[in-house]
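My request is simple: use the sequences and hints to build the entire structure.
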Amino acid sequence: EDARAHLAGAENSSVKISSALMCLETLGALTWSTEINQLYSQGMKILRHQNQQKYFDHLKSLPGFSREECERDEQVECWQMESGIYYYVARGHIRISEGCLTRQAGVGRLDWSTFPTNPRDYLEAARKAGETVRPKKGCYTAINKEKAEGLAFYYETKRPRILCTPEREPEKKATGGGERCAYAYPHSFDLYLTAPNLCGGLARTIFHESMHAEGEIDNLETFSHNNGACRSFDAVYHCSYLCFPEKPRPDFFHQRGCESCVSEERAEALCSGLPDALGSNLQMCGVGR
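Quick note: the sequence shown uses our numbering, first residue 3, plus one each step.
Quick caveat, the hints were computed from the structure, so don't treat them as lab data.
All of these numbers come straight from a predicted model, not from anything done at the bench.
Built from N, CA and C at the ideal position, the CB exists for glycine as well.
Treat the hints with care, as some may be off.
Below 25 Å or equal to it, Euclidean Cα-Cα: the simulated SDA-like pairs (lysine to any residue) are [as the list claims (entries may be wrong)]:
#1 Lys138 <-> Ile219
#2 Lys249 <-> Thr116
#3 Lys62 <-> Ser15
#4 Lys62 <-> Ser43
#5 Lys147 <-> His189
#6 Lys47 <-> Val17
#7 Lys56 <-> Arg122
#8 Lys249 <-> Leu200
#9 Lys160 <-> His95
#10 Lys18 <-> Ser43
#11 Lys47 <-> Ser15
#12 Lys56 <-> Met24
#13 Lys147 <-> Tyr243
#14 Lys56 <-> Gln44
#15 Lys62 <-> Met24
#16 Lys147 <-> Ile219
#17 Lys62 <-> Lys160
#18 Lys147 <-> Glu261
#19 Lys47 <-> Thr116
#20 Lys56 <-> Val78
#21 Lys249 <-> Gly203
#22 Lys18 <-> Lys62
For each label pair, taking beta carbons as the anchor points, the in silico distance ranges come out as [said to hold, decoys possible]:
#23 Phe155 <-> Gly203: 22 to 30 Å
#24 Thr36 <-> Ala279: 43 to 51 Å
#25 Glu84 <-> Tyr185: 17 to 25 Å
#26 Asp253 <-> Lys56: 46 to 54 Å
#27 Ser85 <-> Thr28: 30 to 38 Å
#28 Arg69 <-> Ser16: 15 to 23 Å
#29 Lys138 <-> Glu248: 22 to 30 Å
#30 Glu267 <-> Thr28: 51 to 59 Å
In structure tokens form, the structure reads like this:
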């Protein structure tokens, strides 16, 4: 109740807001029960405008996150500010926007119901995605060493940013949204999450969108990219499921998409048994980039 009172109005001092946030953290704010989550997000939003240093201090106190600030470009497990926004640089050089961690993004009524409820989920997922390109034990390295080295170079040099951009509730209702859970543009470094819990795993989603953003393996040029018939030929889907598998294997897989993902020497072991008839779908989907 004291925390609620301190957060009741934006006119409260940053000291009171900070005190309220400390109280909520003690109560388990970062387990993100609905009520505490709303109060915590409200307090962080107010503090962000009132006292940026205090806001940053609370941001750095997230459990499981380092409190270190980045001092070198190659440094990881540290906090970095870019264009007025704080990012956490996880192992593997994938950056997580503060908006994901504090559930602050855009304006208006946003639908966060399809987003992870604990900030640490983003950190663990970013680390797992980065681990796929480790030189010796990475999953992607094991199935396609050359392509994995390219993605590792992309992570290290571009340091892609995870951005949380939930749809506004009125827009979602008007468009019947929720179908697209994440997206990225080829040869970019922004990975947009719009409804990530619908994608079947946050780490897989980040890995999947990273490959689209790198732009070297995505083999589709079509507005029907997420169409079941088209994605069967798409190497990105195959790489995603090979490194973050689910059982049973999705029934839309096609041998051509699998062979576009894995190296030539691994194709027989990993792609055998998949359908190989092309049919009319191949032309409709327009493979080749």
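Margin query: So if I understand the rule, the pair passes when the alpha-carbon distance is 25 Å or less; does Lys56 with Gln44 pass?
Written below: holds (15 Å)
Checklist line | Distance restraint hint 30 to 38 Å, applied to the beta-carbon atoms of Ser85 and Thr28 | finding: Cβ of Ser85 to Cβ of Thr28: about 33 Å, so the range 30 to 38 Å holds.
Checklist line | Restraint check for Lys160 with His95, where alpha carbons must lie at most 25 Å apart | finding: holds (8 Å)
Notebook entry, point to check: Does the alpha-carbon distance linking Lys249 and Thr116 stay inside the 25 Å limit?
Noted result: It holds: about 22 Å lies between the C-alpha atoms, which stays within 25 Å.
Checklist line | Holds or violated: Lys138 to Ile219, with C-alpha atoms at most 25 Å apart | finding: Holds, at roughly 21 Å.
Next item on the list: Take the C-alpha atoms of Lys56 and Arg122, compute the straight-line distance between them, and say whether it is at most 25 Å.
Entry: Between Lys56 and Arg122 the Cα gap is close to 21 Å, so the pair holds against 25 Å.
Margin query: Between the alpha carbons of Lys47 and Thr116, is the straight-line distance 25 Å or under?
Written below: holds (21 Å)
Notebook entry, point to check: Given the hinted pair Lys62 and Ser43, is their alpha-carbon gap at most 25 Å?
Noted result: holds (15 Å)
Note to self: Lys147 and Tyr243 were given as a pair; does the straight-line alpha-carbon distance stay at or below 25 Å?
What the structure shows: holds (17 Å)
Margin query: Within 15 to 23 Å: is that where the Cβ-Cβ distance between Arg69 and Ser16 falls?
Written below: holds (20 Å)
Check: Is it true that the CA of Lys18 sits at most 25 Å from the CA of Ser43?
Finding: Given pair Lys18, Ser43 holds - Cα atoms ~15 Å apart, limit 25 Å.
Notebook entry, point to check: Do the alpha carbons of Lys249 and Leu200 lie within 25 Å of each other, as the hint requires?
Noted result: At roughly 17 Å apart (the allowed maximum being 25 Å), Leu200 and Lys249 satisfy the hint.
Comparing the model with each numbered hint stated earlier shows that all of them hold.
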